[in-house]
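A.B. asks: The chain contents come next:
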Amino acid sequence: MALKIEARDVSVYFGNAQILHNVNLGIEEKTVTAIIGPSGCGKTTFLRTLNRLNDLSPDFRMEGEILLGGENIYQMDPIILRRRVGMVFQKPNPFPMSIFDNVAYGLRLQGIKDKRLLQEKVKTALIAAGLWEEVQNRLSSNAFDLSGGQQQRLCIARAIAVDPEVLLMDEPTSALDPAATSRVEELILELKKNYTIVLVTHNMYQAARVSDFTAFFLSGYLVEFNKTDIIFTNPKDERTQRYVTGKFG
Amino acid sequence: MDLRRELSVRHYSTNSRAEKVFRFASTAAAVLASFTVALIIFFMCMPALKALSQVPLSAFFSTTWNPRGYSGSSWGILPFIAGSLWTTVIALVISVPLSFLAAVFSSQFMSKALRSATDVFFSLLAGIPSVIMGFLALTAIAPLIAKVFHLSSGLTMLNGGITLAIMVLPTMVSVLSDAFQNIPEIYKEGALALGASKWQAAIGVLFQFVKPAFISSVLLSFGRAIGETMAVIMAVGNVAMIPKSPLQPGETMTGVLAIEMPETVAGSTHYNVLFLIGLILLLIALLVNYLSGLITSKVRVKIQ
Amino acid sequence: MRKTSDSAWVVVSGVAYFSAVIFVIWVAVHLYILSEGKLSLEFLFTNPTNGMTAGGVFAPLFGSLYLALWVLVISTPLGVLAGVYFAEFAPDNTLTRLLRSSIRTLSGVPAIVFGLFGLAFFVRLMNLRLSLLSSALTLSVMNLPVIITTTEEALRLVPNAQKEAAIALGANAWEVWRDVSFKYASGGMLSGLFLALSRALGETAPILLTGVVFYQPTVTLDPTKSFMALPYHIFILATQHSKFAEVLPIAAASGFILLIIVLLIRILAYIYSRRIQRWL
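Protein chains in written order, with this note's numbering: chain P, 1165 to 1413; chain S, 78 to 381; chain C, 2 to 281.
It should be emphasised that the hints constitute simulated quantities derived from the structure, not laboratory data. It should be emphasised that the depicted structure is a prediction, and the values quoted were computed from it without experimental measurement. C-beta atoms are modelled at their ideal positions from N, C-alpha and C, and glycine is treated no differently. It is possible that part of the hints are untrue.
As the list claims (entries may be wrong) - Label-pair distances were calculated between CB atoms; the ranges are:
#	chain 1	residue 1	chain 2	residue 2	range
1	C	Arg-157	S	Asn-259	14 to 20 Å
2	P	Ser-1175	S	Lys-375	36 to 42 Å
3	C	Ser-8	S	Ala-194	19 to 25 Å
4	P	Gly-1275	S	Thr-195	51 to 57 Å
5	S	Cys-122	C	Leu-222	34 to 40 Å
6	C	Ile-272	S	Val-316	40 to 46 Å
7	P	Asp-1223	S	Ser-374	38 to 44 Å
8	S	Lys-375	C	Leu-222	48 to 54 Å
9	C	Ala-9	S	Thr-195	19 to 25 Å
Make the full structure from the sequences, and use the hints.
C.D. replies: Printed below as a string of structure tokens:
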């Protein structure tokens, strides 16, 4: 299977502080890769390098390279990159617009104006995000009227509406209740048929439930990366062992 | 390779021209706006420097101002400096204690709800056009002064001072009130626990915290008062002599500029000297603002 | 003992606070009384006549409003764009600090000095002569700091999460501003514009030297001509008219109109500055 994303010797600095140290990681197409580790280990920073969102921070510096489908992401237009790599954030952040306009936003950015095409793509995205049935009759109502779990599924729909190849998810269920959390986890298992998913989570049980591969980060180092069942049942590194059996927590 | 995806993702528009224009326009606007203050100083300096070459420096230190004198012109600017100082100092003497009292009341003794209802009035007070304040000085305050002090006319430095005091009050009250509200509760409670009444707590302990804001706001108000034109013109009588008491009329720097400039021939010595007065006024205002900003930033550094 | 002196202080400071509140109301009432019934709709729409001892304030009122329109047209794009720069694009270095302090310095310049600058620069150097355009440009320069500061502050309050959501979907800086920031910041920006508007209507010193005149009976839309303005009209009537007693009611009435307009705009500015716009 082809490597969708490759990180080669990636080190990240914010000013003088080094956040990531020589990370080497290869993510396979149409799989779910979970990134786990204690708070502050650099998981979110690593995720945000994949769509160059860290570029927004003024003192950000990266060494090494990241390839998307074989291409260096710093040699492509960041706008194009972000169409190919979508992101869902920790706290649901829908725009102050209608449900329809939220999902259609990325499409409109690309210049798609045809009403029927937009409607078709919005419907497809909402179905794929498992939200269509709940909102099909109120597409023009305010996105903020939805519950937290629904808002997050809306954000997922918004991200996949532009047909990305990769979906980055930064602790997508940490702000949701258990029912909404399991809905999103089911969704991830469905979505991986079409998208490559990279999932940052502080919940090891979630990682064990939905991911095919797991990467364990500690203090900015990638300690171990392997198939999820190996990481959780027979980790090679002692630190991984300690973390997954709850000593770090 | 998923061709359908390739096409849909790469070949639609990216609106990058709009973005380039946006970035350029906003940068240009910021540079242009920042440049204007240098421009202003430059254009004040040009005629002012000419004045310095046309009139000997000692002439400015006289107390006689007579630009169109029969037997030669006198360029003494001391009356105007005196007039500006008289009105500004009186304004501060009146407004500083008043604003302090009002700010303490607002921050310590008022509920948040009531405060937000009445705070808008201070914004309105600050928004009263100076012409209206001047009209008030002329029609309401001056007659009062004349009556109280048995003068033939109430157009005096005192009138100007009172009017200016009303105009600088809102800013001072809001700065001080904010400063008082920013004091952490623990200090207030600590003072109260020691047995001090709310009022004594305010004056004794809390004042230390608001000292920088206090000084800064006094400086700001000084700058505002000395730069005020229309209200003062209508209040002080505009006689170009040094007032010996607050009950005498006088003329301020802003006043002579507003009154004499419209009648002056461009490029003449009179014109240039007026610009010199304007430059002095500008430098005083800028200095005072600079000092005020310095004090506030020193506090910010201290807090960090 | 302590209690009585304490409550005395409370009363005194309370009086100090509320006197400001009462003063605003008193000003309006005082002007209204002095206007001796001259206020009417007719007053608003007829021109001054008879050497200003009769008639209304149409020409000065129109002149002020038209001047304010020009000031907004000139200063809004410039001020808003500059505010955008400081909020979104300015790097954190010495040059930016220099630019920022220049703007802050500009806000400390006295109004009459702006008038002198306008005279030297717009009227004479740029040869715009004594005209509405010169005055509008002068007032625009004077209003830049207010607009820039309120715009920048409003933009800083836009939630980062919203901006990141747009960027993660491929929006560029312009699109982020147009689709996200502008919506959240528009209330604050509008507040700054209202403040600028209130000053454009109420200030006399900057226009005194750059284009306002006492008598210009023909109302024109031509900005290269001189114009009448309400605050200047009041000033002249109150200080330089030979028949002071006769024109006093007219001056008071004009003052009342000016005051009410300016205060209403200020109230709008205050309302908009407090509105947290989440959903438009």
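A.B. asks: Does each hint fit the structure? Answer for all of them.
C.D. replies: Each hint tested on the structure:
{"no.": "1", "hint": "C:Arg-157 to S:Asn-259: 14 to 20 Å", "verdict": "holds, 19 Å"}
{"no.": "2", "hint": "P:Ser-1175 to S:Lys-375: 36 to 42 Å", "verdict": "holds, 39 Å"}
{"no.": "3", "hint": "C:Ser-8 to S:Ala-194: 19 to 25 Å", "verdict": "holds, 23 Å"}
{"no.": "4", "hint": "P:Gly-1275 to S:Thr-195: 51 to 57 Å", "verdict": "holds, 52 Å"}
{"no.": "5", "hint": "S:Cys-122 to C:Leu-222: 34 to 40 Å", "verdict": "holds, 36 Å"}
{"no.": "6", "hint": "C:Ile-272 to S:Val-316: 40 to 46 Å", "verdict": "holds, 44 Å"}
{"no.": "7", "hint": "P:Asp-1223 to S:Ser-374: 38 to 44 Å", "verdict": "violated, 23 Å"}
{"no.": "8", "hint": "S:Lys-375 to C:Leu-222: 48 to 54 Å", "verdict": "holds, 51 Å"}
{"no.": "9", "hint": "C:Ala-9 to S:Thr-195: 19 to 25 Å", "verdict": "holds, 22 Å"}
When held up to the earlier numbered hints, the structure conflicts with hint 7 and nothing else.
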